[in-house]
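Could you slot chain B onto chain A? The hints should help.
Taken in order, these protein sequences are the chains called A and B. Here the UniProt record's numbering is used: the first residue of the first sequence is 1, the next is one more, and so on. Here the UniProt record's numbering is used: the first residue of the second sequence is 1, the next is one more, and so on.
Since the hints were derived computationally from the structure, they do not count as laboratory data. Certain hints may be false.
Here are some, though not all, of the chain A residues that point toward chain B, as calculated from beta-carbon distances under 7 angstroms [unchecked claim]:
#1 97
#2 100
#3 163
#4 166
#5 174
#6 180
#7 187
#8 188
#9 190
#10 219
#11 220
#12 241
#13 245
#14 272
#15 275
Values in this document were obtained by computation on a predicted structure and should not be read as measured data. For each residue, glycine too, the CB sits at the ideal point set by N, CA and C.
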Amino acid sequence: MLVFAGFQPLAAQDEHGQEDHATEEAHGAAGHGDSACCIVEDEDHGYDPVGTVMEHIADQNEFHVWYNVHIPLPLILYAPEHGWSTFLSSKFHHGTQAVDGYVLNHGRVNRVADPSFPQGEVHIECVSHQTEMVDEKEKDVYYVCYEGTAYKLDPPSTLDGGVLGGGITSFYDFSITKNVFTMILGAIVLILLFMAVARGYKRNEGKAPSGIQSFMEPFFTFIRDEVTVPMIGEKHYERFQPFIMTLFFFVLICNLFGLIPFFPFGANVTGNLAVTLVLAVLTFIVTNINGNGHYWEHIFWMPGIPAWVKVILTPVEVLGLFIKPFSLMIRLFANISAGHIIILSLIGLIFLFGNNGESVGGAATGGIIGGLFTAFMNLIELLVAFLQAFIFAILSASYIGAAVDEGHEHHDEAHAH
Amino acid sequence: MAETLFLADFSVIKPDPGLILWTSLIFLIVWGLLAKFAFRPIQEALKKREYDIQSALDEAKKAREEISNMQAENDRLLAEAREERAIILKEAKAHKDSIINEAKGKAKEEAQKIVAAARQDIENQRMAVVTDLKNQLGIMALEIAEQVIRKELKGDTEQEAYVKKLVDDVELN
Numbered sequence: 001m002l003v004f005a006g007f008q009p010l011a012a013q014d015e016h017g018q019e020d021h022a023t024e025e026a027h028g029a030a031g032h033g034d035s036a037c038c039i040v041e042d043e044d045h046g047y048d049p050v051g052t053v054m055e056h057i058a059d060q061n062e063f064h065v066w067y068n069v070h071i072p073l074p075l076i077l078y079a080p081e082h083g084w085s086t087f088l089s090s091k092f093h094h095g096t097q098a099v100d101g102y103v104l105n106h107g108r109v110n111r112v113a114d115p116s117f118p119q120g121e122v123h124i125e126c127v128s129h130q131t132e133m134v135d136e137k138e139k140d141v142y143y144v145c146y147e148g149t150a151y152k153l154d155p156p157s158t159l160d161g162g163v164l165g166g167g168i169t170s171f172y173d174f175s176i177t178k179n180v181f182t183m184i185l186g187a188i189v190l191i192l193l194f195m196a197v198a199r200g201y202k203r204n205e206g207k208a209p210s211g212i213q214s215f216m217e218p219f220f221t222f223i224r225d226e227v228t229v230p231m232i233g234e235k236h237y238e239r240f241q242p243f244i245m246t247l248f249f250f251v252l253i254c255n256l257f258g259l260i261p262f263f264p265f266g267a268n269v270t271g272n273l274a275v276t277l278v279l280a281v282l283t284f285i286v287t288n289i290n291g292n293g294h295y296w297e298h299i300f301w302m303p304g305i306p307a308w309v310k311v312i313l314t315p316v317e318v319l320g321l322f323i324k325p326f327s328l329m330i331r332l333f334a335n336i337s338a339g340h341i342i343i344l345s346l347i348g349l350i351f352l353f354g355n356n357g358e359s360v361g362g363a364a365t366g367g368i369i370g371g372l373f374t375a376f377m378n379l380i381e382l383l384v385a386f387l388q389a390f391i392f393a394i395l396s397a398s399y400i401g402a403a404v405d406e407g408h409e410h411h412d413e414a415h416a417h
Numbered sequence: 001m002a003e004t005l006f007l008a009d010f011s012v013i014k015p016d017p018g019l020i021l022w023t024s025l026i027f028l029i030v031w032g033l034l035a036k037f038a039f040r041p042i043q044e045a046l047k048k049r050e051y052d053i054q055s056a057l058d059e060a061k062k063a064r065e066e067i068s069n070m071q072a073e074n075d076r077l078l079a080e081a082r083e084e085r086a087i088i089l090k091e092a093k094a095h096k097d098s099i100i101n102e103a104k105g106k107a108k109e110e111a112q113k114i115v116a117a118a119r120q121d122i123e124n125q126r127m128a129v130v131t132d133l134k135n136q137l138g139i140m141a142l143e144i145a146e147q148v149i150r151k152e153l154k155g156d157t158e159q160e161a162y163v164k165k166l167v168d169d170v171e172l173n
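If we strip away everything but chain A, and leave its shape as in the complex, we get (with noise of 0.2 angstroms):
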């Protein structure tokens, strides 16, 4: 299984950057033909490793899966001045096609915001970028031409408020990506899961654990035992069992499947700034609305300092209500990505050894020492999954056990570590 999983990306990148090259040269030679606007450049026809590892742990649209093989997603777009639109990705047959003003960018639904832009499905004769200067800022901007006509594509509204780099623009996109479809596939995976767990118990009742049920109880043990228990307290850990117990789970089959190359998984769900932002709120909220008033008081009032002091500490204090879940969005989101790009990285060895195709001998060389790394990285990275959703269950269960801590029994043994 390793093995494969180490090797199988290797070929699904192999196909996928030919795949690419080609459509960009189609697209471009046909445009050479009929419009300007398609030669504005052509510095980057060669390997661009950082565009396609971006390319690669970013959400997509559709769910490429071999060559020129595409699962499509069902699309649910939103744009203020134009409504709600409902369609599956396959209609833009792989960029080549714009449906309603709306274009498959490099796997992402763009949107052109000009109302002389046709409605219904047009052809497209090309998607180039240009590196133009907006607010001072050099930005990568995407434009498609139509009839020999640039138009400039607007990519999904982002909530970073444009310091990121992204922003509000002129469409929402709250299609079943391909994140959202691995979400969806391993929430289905852990309900049947544990259903089939549950039901063990219930069979089993009186006797001794059998099949899947003993199989998941040391997780659930173990998490009880290691996680809960310690963390929140025999009084109270119950109540936040299930809850961290999801998190654990919903992250490690995140990060499982994304570790996985081939469909329908490999999507970089816990990599993605989003996914963890709500893991991270979810976990602020139920840290807050279970804080009682012991909790509070070391917030806004720390007891047993001078008032000086208290009032430094109070301003750290609630900083520290934000940077705690703040903390375990940005890890979780840093270590999954960091280890998908790697991965990327080396895989891309193939193509820089290789020299674009020119040189089989660099690019069998960088397979080679590709290929190994990698293998060698996905045995890291399944420690990481495992790690990473384990770090995040317990700093969850950490910040839950301060907000229902009643005081006494947490200061021994705060002094006794």
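Leaving out everything else, chain B in the frame of chain A:
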């Protein structure tokens, strides 16, 4: 350009509202369903099983203790019974001895009585024999004397007078 390209394309750091919505929805559904139909029942079942195992162990321990208590009790009873037996045996022996001694005493007494009675009897018998013998001897003496006397009395008046006088004496006796 590379830097901006990097930032521009690094889409995973830009939180997409659609993904946020779907993640929240999926996570909440998973949480709700698993909590209700899996994690809580599993937790209850585990707790119950742990309780059952603990109580079974406790019961076994209690039973073991009871058995060992019973053993001790049995030993104690046995020891008591042995002691009791020893006491009873001792008493019985003493009783036996006293009975034997008593019987011996009685027997001795009886024997003495019998011997005394026999002795009396013998004495009586002897006295009877002696009396009889005396009588017989008296009679024999008289007869001898009578014959002697008869022979001498045939010639002498004087002797007749003596006999006469003897007869007189006898009558006086």
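Hint check results:
no., hint, result
1, 97, "22 angstroms, violated"
2, 100, "17 angstroms, violated"
3, 163, "9 angstroms, violated"
4, 166, "4 angstroms, holds"
5, 174, "4 angstroms, holds"
6, 180, "4 angstroms, holds"
7, 187, "5 angstroms, holds"
8, 188, "9 angstroms, violated"
9, 190, "6 angstroms, holds"
10, 219, "10 angstroms, violated"
11, 220, "6 angstroms, holds"
12, 241, "6 angstroms, holds"
13, 245, "5 angstroms, holds"
14, 272, "5 angstroms, holds"
15, 275, "5 angstroms, holds"
When each numbered hint is compared with the structure, violations occur for hints 1, 2, 3, 8, 10.
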